[in-house]
Amino acid sequence: MAAINRDDVAHLARLAHIEMSAQELDRMAGELAVIVDSVKSVGEAAGGDVPATSHPIPLTNVFREDVVGHTFTAEQALSGAPDSLDFRFKVPAILDEA
Amino acid sequence: MNPDAILSFEEAMEKYDPVLGFEVHVELNTKTKMFSSAPNVFGDEPNTNVNEVDLGMPGVLPVVNKAAIESSIKIGLALNCKIAESCRFARKNYFYPDTPKNFQTSQYDEPIAYDGYLDIELSDGTVFRVEIERAHMEEDAGKLTHMGGATGRIQGADFSLVDYNRAGVPLVEIVTKPIEGAGSRAPELAKAYVAAVREIVKNLGVSDAKMERGNVRCDANVSLRPHGRERFGIRSETKNVNSLRAVEHAVRYEIQRHAAVLDSGEPVIQETRHWHEDTRTTTSGRAKSDADDYRYFPEPDLVPVVPSREWVEELRATLPEPPAARRKRLQADWGYSDLEFRDVVNAGVMDEIEETIAAGASASVARKWWMGEIVGRAKNADVDPGQLGVQPATIVELARMVEEGKINNKMASEVLDGVLAGEGSPAEIVEKRGLAVVSDDGPLLEAIDAALAAQPDVADKIRGGKVQAIGAIVGGVMKATRGQADAGRVRELILEKLGVTA
Amino acid sequence: MTDTNELIRLTAAALAEKLAAGEVTSVEVTQAYLDRIAAVDGGERGVNAFLHVNAEEALAVAAEVDALRAAGGAEAEALHVLAGVPIAVKDLIVTVGQPTTAGSKILEGWYSPYDATVVERLRAAKMPILGKTNLDEFAMGSSTEHSAYGPTRNPWDLDRIPGGSGGGSAAAVAAFEAPLALGTDTGGSIRQPGAVTGTVGVKPTYGSVSRYGAIAMASSLDQIGPVSRTVLDSALLHQVIGGHDSRDSTSLPDPLADLVAAAKTGNVEGLRIGIIKELHGEGYQAGVENRFNDALELLKEAGAEIVEVSCPNFQYALGAYYLIMPSEASSNLAKFDGVRYGLRVLPEEGPMTIERVMGATRAAGFGDEVKRRIILGTYALSAGYYDAYYGSAQKVRTLVQRDFDAAFTVADVLISPTAPTTAFRLGEKLDDPLAMYLNDVATIPANLAGVPGLSLPGGLADEDGLPVGIQLLAPAREDARLYRVGAVLESLLEAKWGGPLLAQAPALGELVEAKEAK
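Respectively, the protein sequence lines represent chains H, U and P.
Residues in the first sequence are numbered from 69 upward in steps of one, following my numbering.
Residues in the second sequence are numbered from 44 upward in steps of one, following my numbering.
Residues in the third sequence are numbered from 385 upward in steps of one, following my numbering.
Hints were generated in silico from the structure; no laboratory data involved.
Bear in mind that the values here come from a model prediction, so they are computed numbers and not experimental data.
Take these hints with a grain of salt, some might be off.
Claimed, not checked - Reference listing, derived: stretches of chain U covered by chain H, where coverage requires no fewer than 3 residues with Cβ under 8 Å from a Cβ of chain H:
| id | region |
| --- | --- |
| 1 | 70-77 |
| 2 | 82-95 |
| 3 | 108-114 |
| 4 | 204-212 |
| 5 | 335-343 |
Claimed, not checked - Some but not every residue of chain H turned toward chain U, in silico, with C-beta under 10 Å:
| id | residue |
| --- | --- |
| 6 | G116 |
| 7 | A120 |
| 8 | N129 |
| 9 | E133 |
| 10 | T141 |
| 11 | A142 |
| 12 | Q144 |
| 13 | L146 |
| 14 | F157 |
| 15 | K158 |
Here a beta-carbon is modelled for each residue, glycine too, at the ideal position from N, C-alpha and C.
Please construct the entire structure, taking both the sequences and the accompanying hints into account.
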């Protein structure tokens, strides 16, 4: 398994939308390298024929009937919003698609 | 090279072979959302059709809407797909303010339906088979409105406002396999394919299927390769092509643009393109980047969907008549000739005619109005006929007024213009504009006398039994009354006057 | 009226009896706990178990219960057995009318517009909610030191950690600030704090208690469970919060067993109890090992058959956990972005785009451990690494389940120390994430496999005089067995000690003052 370096962490931080300073990136790279090293045995433990378990207790077909339940008023929906306008959540400009 | 350069379609076709692919998103018309019990309703006040789940509040969990699963299976069956024995939802992780959890819950590598096909009838009657890769379930995002700046577009906006009413609305995404061999009919096929999907989901009753509302949305993939080469070229994905005409235009434009790029010797960039209806061009969106690492993993808050074969067969038994069979039946019911019916289908007004007939019009009246009046107006307005907003009841009312002799056909056409201009109901417009067939026989008889006097030879012919010659006299009367007369009544009066029985 | 100092030391079961008999009112009980919180929780060297105290509402509920009891009749008859018994709720569980922070700055001051299912059930049982308890931020930690609101202190020694992430709930119960509390357990966050504070904590079978309203860390591992001073009290609370919930797709449809009856069964004769070879011995503190052996002796004397089982794949459990947990957490915590609720921080310089506002908000709102796990999870899920990390970890999960399956063919219940050590000192492992993670080595397998686990006090370690926890594990859906065996072991131990272990804890009021005086 690959080692984890500072550039990797910078990329991951971008994906995770967490701004990090240069020092933070360095520190995180060091800590993650240790953790990643410690979990590497996991890849060796399970062979190809072992099925993956994503739910500890297997259930299937859990559905909800198509019946309308409660809703919030716009005021309730926006009660915790950092910023809003005209009953909508207000966010700064989105420029990444320019 | 000039990024806006395009080749003529004919030249592009001479040099290159287009390969198409479509991702059509269908919004289901379930009562509630995909994973929450908030109502799935279009057009309400912002942020009122939401609860804690739709807003991605801390601690919430999704629960799958059974009706959405049933609708998805029905779509799969109607697209001749296999229905998965077991399938799961996954999380597609990306940050965007219209996505409340910053991941979209979507079926990733385990679609509920896969390996299907759809036979598409082209305008010349040939049938083209489009292979369906998969139909999978996912949830819609909220709606962003970009404020400030000049255009209301994302570029240059000062800020954006988010309404989560649409967040969590169930979607089925239908993905085709690469479509090869369409050649110069690619744009037509594109339109016909999307029309067919729309028709199917509407026919199933699982979606309102209104493209103008975004119930059916199309992303069109286009790539070109030189004739004779097997390997596909690099594709572009044109997003949000949201009318049938736009699908045709966008595919045509992208073929022309790709051809120009390839001709210049440059590589096509794999990117998202945005369609602009106003200029009928696409512009570059976002190139594929490492930010497109969606980190899919099975949604741990949901359990697998395992449709039993019994359930699938029960649903299959509820499927309505397939559109192709339906067309055959409707043509027979309405008594249209092959040519008439194909014109109706190609004009995209079959559903509208069916609704108009259901509202009380005769088959010939419905066809006359849609094909004779509305399609032309739609063409002039550059929209699909259905988008003009003509209500079946309006046509029935107009036809009744003509039949009752209150107005004539020419006036009815004028009234329709009034309706489309938002002036009110047909009755109101007739009233407002003072339109009425002159039904007092006095002035008509005068005009008839004048017309007969002006064309004595024609009068003689009619007297002699050549009743079909009457048109010239009727025309003269109509001209004299500036179209205000009821042509039927004029005809009756002429025959009466000349002592001829029709 | 009972002396308040005695009142707060009563078990929930005893309180319930006194309330039902009219010997004490719920307002008196609730007020006694609120007074205790006021006395020991705040200040420079207070326990700091509570992030929010809900005095007004708690007293109102208490008064309502008292009024219903006083009026008698059908409504009094219909009162739940725990009606009027106060409870504390881990601040990872959302509550209407009280802030929910998850121990994070990013949710400071946030009020949930809805109640968690378990909170609805507490309200339906008319249990006064005393307040919200401290935790490691988003339940990520084993010491409660990662709370954005300061660490909770261990009532046995205020310089030591109370375990984590549910250190607040465990410390509140250990310090007699509440008779009962709710916790959440993703890798041991109920059981390990129970072990190091001398209290009882239960992680139910995955799906047996609704997760709706518990702020998710790792969805496939998280489980809400009871925290108490006795096994019977946990059973009583589990009975209130457990059972199917249609809002949680992973909620088991099975009806809840009679856990209270199980806790009152009173014998373990003929029961096969399996020692897990891999979960004791090397790496475990000597005092922990000694108390574990004592417990085995007592169970054997009571007629249980002690067998040894091997779970060879448990050696990979910690690694698998530290891939699955951060992966799911990285996705679960994406929603905290400064758009819909909670903190919003604007970047100090550069373009003011939403991307940057999200980045600045999450940079300022999350603490180091949360960032570490989000980055690790983002890494484990990223393209090219999924199969090697997340995929492999899910396979290990299968292997761990198989180990459990095999073990439960020869044993009815498994036993181990809950944690390898007693409570360590505040700050001791803060800079060493890996050492911190090792605390969960014995508790994690149960989360991976979804099986229930219970930790109960096993005595004090010889070398430091601090509490040691004994963990019992049962097959999925067999939570009742834990209560049965746990209650028996507890009574045997208490008979040996001459009373509950917490009676040996230092008198906290004086301790707080003494330390402050220094």
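These are the hints, each one checked on the structure:
1. 70-77: holds (count 3)
2. 82-95: Holds: 9 residues of the region 82-95 of chain U have a Cβ under 8 Å from chain H.
3. 108-114: holds (count 5)
4. 204-212: As far as the region 204-212 of chain U goes, the hint holds, because 4 residues have Cβ atoms under 8 Å from chain H.
5. 335-343: Answer holds; 4 residues pass the 8 Å Cβ test.
6. G116: Violated, about 17 Å.
7. A120: Since the shortest Cβ distance to chain U is 9 Å, the answer is holds.
8. N129: holds, 6 Å
9. E133: Nearest chain U Cβ about 6 Å off; hint holds.
10. T141: holds, 7 Å
11. A142: Given a least distance of 4 Å, the restraint on H:A142 holds.
12. Q144: This interface hint holds because 9 Å falls under the 10 Å limit.
13. L146: holds, 6 Å
14. F157: Since chain U brings a Cβ to about 4 Å from H:F157, closer than 10 Å, the hint holds.
15. K158: holds, 6 Å
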